Amino acid sequence: MGDKQNNDTNSGSESESSLSSSSDGDMEEAQETKLQERVTLLNRQLEQYPNAYDLYTELIASLKQLGDLDQLTAARERMNAVYPLSPGT
Numbered sequence: 001m002g003d004k005q006n007n008d009t010n011s012g013s014e015s016e017s018s019l020s021s022s023s024d025g026d027m028e029e030a031q032e033t034k035l036q037e038r039v040t041l042l043n044r045q046l047e048q049y050p051n052a053y054d055l056y057t058e059l060i061a062s063l064k065q066l067g068d069l070d071q072l073t074a075a076r077e078r079m080n081a082v083y084p085l086s087p088g089t
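Under the UniProt record's numbering, the very last position in the sequence shown is 89; numbers go up by exactly one each time.
Because the hints were derived from the structure by calculation, they are not lab data.
Small disclaimer: the values here were computed from a predicted structure and weren't measured.
Don't take each hint at face value.
Each computed DMTMM-like pair below joins lysine to aspartate or glutamate, with the alpha-carbon atoms no more than 25 angstroms apart [what the hints assert, rightly or not]:
| no. | residue 1 | residue 2 |
| --- | --- | --- |
| 1 | K34 | D24 |
| 2 | K64 | E28 |
| 3 | K64 | E47 |
| 4 | K34 | D54 |
| 5 | K64 | E29 |
| 6 | K34 | D68 |
| 7 | K34 | E47 |
| 8 | K64 | E77 |
| 9 | K34 | D70 |
| 10 | K64 | D24 |
| 11 | K64 | E32 |
| 12 | K64 | E37 |
| 13 | K34 | E58 |
| 14 | K64 | D54 |
| 15 | K64 | D26 |
| 16 | K34 | E77 |
Estimated spans, in silico, between C-beta atoms of each pair [said to hold, decoys possible]:
| no. | residue 1 | residue 2 | range |
| --- | --- | --- | --- |
| 17 | Q36 | P84 | 33 to 43 angstroms |
| 18 | Y53 | S23 | 13 to 23 angstroms |
| 19 | E37 | L85 | 41 to 51 angstroms |
| 20 | R44 | D70 | 17 to 27 angstroms |
| 21 | D26 | N80 | 14 to 24 angstroms |
Quick reminder that beta carbons are idealized off the backbone N, C-alpha and C, glycines included.
Construct the complete structure from the given sequences, taking the supplied hints into account.
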């Protein structure tokens with residue numbers, strides 16, 4: 001009878017850890033969705049304010065977090081067109 005209680009306790013721990021990992025995945029997905037929405041908003045703001053340095057830096061940081069290399073490269077090129085690096089740097 002004591003063995004059955006141990007098995008019940010163990011299976012409870014396993015289901016808790018699987019719930020934990022699925023909720024971690026949900027949090028990551030929610031964070032990614034939030035970042036994508038932020039990127040969309042920043043791009044819209046940059047259309048209105050193309051010289052807003054802080055918007056570029058926030059956009060680039062958000063795209064880095066998302067791991068979207070194509071959009072990241074495009075954002076860096078857009079920023080470089082407005083704020084070119086001086087030659088030699």
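Now for the hints, and whether the structure bears them out:
1. K34 with D24: Within the cut-off at roughly 15 angstroms; holds.
2. K64 with E28: holds, 15 angstroms
3. K64 with E47: holds, 20 angstroms
4. K34 with D54: Roughly 19 angstroms between the alpha carbons, so the hint for K34 and D54 holds.
5. K64 with E29: holds, 16 angstroms
6. K34 with D68: Holds, at about 14 angstroms.
7. K34 with E47: holds, 20 angstroms
8. K64 with E77: Status holds; Cα separation ~14 angstroms.
9. K34 with D70: holds, 19 angstroms
10. K64 with D24: The hint holds at about 20 angstroms.
11. K64 with E32: holds, 12 angstroms
12. K64 with E37: Roughly 14 angstroms separates the two Cα atoms, so the pair holds.
13. K34 with E58: holds, 14 angstroms
14. K64 with D54: Distance ~15 angstroms between K64 and D54 Cα, so the pair holds.
15. K64 with D26: At roughly 20 angstroms apart (the allowed maximum being 25 angstroms), D26 and K64 satisfy the hint.
16. K34 with E77: holds, 24 angstroms
17. Q36 with P84: 33 to 43 angstroms: violated, 29 angstroms
18. Y53 with S23: 13 to 23 angstroms: Given about 38 angstroms between the Cβ atoms, the range is violated.
19. E37 with L85: 41 to 51 angstroms: violated, 30 angstroms
20. R44 with D70: 17 to 27 angstroms: holds, 19 angstroms
21. D26 with N80: 14 to 24 angstroms: violated, 37 angstroms
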